[in-house]
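With these hints in hand, go ahead and build the complete structure from the sequences.
Same order as they appear, the protein sequences are chains H and E.
Using the working numbering, the letters of the first sequence map in sequence onto residues 2 to 498.
Using the working numbering, the letters of the second sequence map in sequence onto residues 2 to 330.
Be aware that one or more of the hints could be misleading.
[Stated by the list, open to error] Examples of chain H residues toward chain E, derived with CB under 7 Å: (1) Tyr-33; (2) Gly-48; (3) Glu-52; (4) Arg-60; (5) Cys-62; (6) Gly-63; (7) His-153; (8) Gly-161; (9) Arg-162; (10) Ile-164; (11) Val-167; (12) Tyr-277; (13) Pro-382; (14) Ala-385; (15) Asn-418.
[Unchecked claim] Computed list of lysine-lysine pairs in DSS-like fashion (alpha-carbon distance at most 27 Å, straight line): (16) E:Lys-29 with H:Lys-136; (17) H:Lys-192 with E:Lys-29; (18) H:Lys-210 with H:Lys-198; (19) H:Lys-150 with E:Lys-29; (20) E:Lys-110 with H:Lys-416; (21) H:Lys-334 with H:Lys-206.
The hints are simulated quantities; they were obtained by calculation from the structure and are not laboratory data.
A quick note: this is a predicted structure, and the numbers were derived from the prediction, not measured.
Idealized CB from N, CA, C, for every residue including glycine.
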Amino acid sequence: MPRITIDPITRLEGHGRIDIFLTDQGAVENVYFQIPELRGFEQFCVGRMAEEMPVITNRICGVCPEAHHLAASKTLDAVFGAEPTSVAKKLRELLYMAFFVTDHTTHFYALGGPDFIVGPDAPPSERNILGVARKVGLEVAGEVIACRKRNHEIITFLGGRAIHPVAGVPGGWSRSITGEERTQIENAARKNIEFAKFSLTTFEKIVLKNPVYLDLVTSDIYLHRTYSMGTVDTNNQANFYDGMIRVVDPEGNEFVKYHPSEYREHIAERVEAWTYLKYPYLKKVGWKGLTDGVESGIYIATPLSRLNVSEGMATPLANAEYQRMYETFGCKKITNARYQPIHHRLATHWARLIEMLYASEHMLELALDPEITSPETRTIPDPARFVGEGIGSVEAPRGTLTHHYVTNERGVLTKVNMIVGTTNNYAPISMSIKRAAEKLITDNAPEEAILNRIEMAFRLYDPCFSCATHFLPGKMPLTVSIRDRQGMLLRDIRRQG
Amino acid sequence: MSEKPKLAVYWAASCGGCEIAITNLHEKILDVDAALDFMFCPCLMDTKKKDIEALPDRAIAVTLFNGALRSEENLEMAHLLRRKSQLLVAFGSCAKGGCIPALANFTSKEELLHSIYLDNPSVDNPAGIIPSGTTSFPEGDIHLPGLLGRVKHLAQEVEVDYHIPGCPPEPHQIWNVIEIILSGKLPPKGSTIGCGTLTVCDDCDRTKEEKRITAFRRTYEFYPEPTVCLLEQGLLCMGIATRNGCGAPCTRANMPCTGCYGTPDGVSDQGAKMVAALGSVMDIGDTTGLSESEITGRVDAFLSTIPDYAGQFYKYTLASSTLGGRIGR
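Set out below in structure tokens:
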């Protein structure tokens, strides 16, 4: 039977690879999306001192170390029974907003967005940040670099160092900020807001006003009716740092709302022999294979799903954009503030920009908070309140991130479990790849179209492996080999950057 | 095709932080792109691997190899890239000393797989499946690359020309290295570059008073005094056993150095160096008239207040330490 192998896709505990099996007639028989790499943090963290976890687990991912750092810090709050001070929570959240802005910026302009901005049928050598610059204006590349730079500077001083922060401690944050630093953050937040608005305008001009792109966004190639997951605050509005986990069904009805500490009652992870990554699913719905619908426990945890579960956005500009997106898709309101879920997965790009605007606005709110320069950044844990077990979660840019630690009486880890952002979406990504392959692979399909549109199917999730196939100079050649069952090459589709 | 020297960045078992550190050169990344033919991760398995295999030997001017060696595939790529590169650089602490992924060497591969797939709070695995080997489906076979018995660092497998420490390396140090490469004035082979030759203490502003400590303290137990040496306040700050060049940002943020730049010049084992350093700050009281075994007892009692000194002192260098592989259980 002919087989197509898409390799490389990288990044997600390392690498990823796609095998597409075809029938002799050339139709898609099955698709296997394999993660061939495992480091095993859940095992080798056992025996470590629990307070080291914010520094150890950020090394799970160098792209979103801030998410692991904060999830670990929150888990330690619970393990040591130490409620962080008010300003500590705000400083953590401030770092996180700066991180969301830079991370979503990178995705929109360098990783996933170029598919749209430059166009899905543009040559791959154009579908990158430089192509974006040519299309939107040369100064845009400079703006993207400036945005990453100003936010990474803030992350560096706020978190204590670049890339892998160190400031998270049980009960708080190791450093306060000065008045000068606060001013720098405020200025950056204001620039972020302008840049997010500019990005949304760009998206509207280029994608929404172009009937060809709009058709693609609303086409059924990228449609899956699954459950949606996200963290919400006490008003049931999206929150990245803290809250309850809310899940809505494909119709938009609230299926469950639970505290992150109850994750074991709601999430289970399935093991397959041919891949190192596990498949999470909703335990109370059950695993029905790689299929969507209300009977299948597969859910998404993405920017789009976070908006699907949210009663509008907590900041005004982002909320206006939120309403506009759902109205554009013709979704009906099901509460005063919330709409029917959007299932067109390419809308994730739009949702990501709305989140970027929210993060920018909220960053400004935090920078203007009179308490933010308070030196009271730590609650020193009281040994009498020591718990020895904790669960903490945040919304990583790529999905809900959960850490769970058990320790002995000396605070040494005896058990560790983690469900990380992209992992939540392992099944949905696999489904999207299969669907795109089914719809697109025909005997006479143009080769570039197959590659581009299959890539778009996984890239919209911003899975950690998107960067290698879409990095700055667009020099990432991608090869699809179609083989027979004996592994003989039937056809080689090759792209050079 | 461009005639610029080829630069490859490959990642094995790592987190991607090294790539982000390179990206955090910000506007200077454009200078790198102008001077070198920047091949990001050019070489991933299968058909891609064939492309690299098809290159003449030494066709790549410089390969920055990050990540530890965890799987059979990592190993193959290390050998292949060695052959195809004029300069092979162990980039970052994973490639240099195993770093965090090498903490897995405290345990066995079997225990690791067991706790991920079988003994895990959220796993659903009634059939007791542990992913491995080749799985046959009606459509065909899917092969999963195996894990090595223990995590290795790059120089344990192939000859390495230069080492760049850091988890990840600081961007200003990456830029220094790129300038060295572009200048062609290369230091002696085998050097550790993009760093200092002393210890983090030499970069740290805090004052040392040659004070002895009566007990070790955990980071969460107190708010450290902001200008005084953290080790002398009882924290297990690794600065004294760690190479400088980072600028000591962690101690400035009131947190101890965790040792990510690895051993300083002339030191082969970071943990041993740390233990030696601790000997000079521990106050075990007046030992006049005590027998040797009584003194040893006091030292042991002092050290036993650190529940995990191995994980603490070898966090970034276990694979390259004299302990090397599996210790403990």
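Comparing the hints with the structure gives:
no., hint, in the structure
1, Tyr-33, "5 Å, holds"
2, Gly-48, "6 Å, holds"
3, Glu-52, "5 Å, holds"
4, Arg-60, "4 Å, holds"
5, Cys-62, "5 Å, holds"
6, Gly-63, "2 Å, holds"
7, His-153, "6 Å, holds"
8, Gly-161, "3 Å, holds"
9, Arg-162, "4 Å, holds"
10, Ile-164, "5 Å, holds"
11, Val-167, "4 Å, holds"
12, Tyr-277, "5 Å, holds"
13, Pro-382, "6 Å, holds"
14, Ala-385, "14 Å, violated"
15, Asn-418, "5 Å, holds"
16, E:Lys-29 with H:Lys-136, "23 Å, holds"
17, H:Lys-192 with E:Lys-29, "22 Å, holds"
18, H:Lys-210 with H:Lys-198, "17 Å, holds"
19, H:Lys-150 with E:Lys-29, "11 Å, holds"
20, E:Lys-110 with H:Lys-416, "17 Å, holds"
21, H:Lys-334 with H:Lys-206, "26 Å, holds"
Of the numbered hints given earlier, the model fails hint 14 alone.
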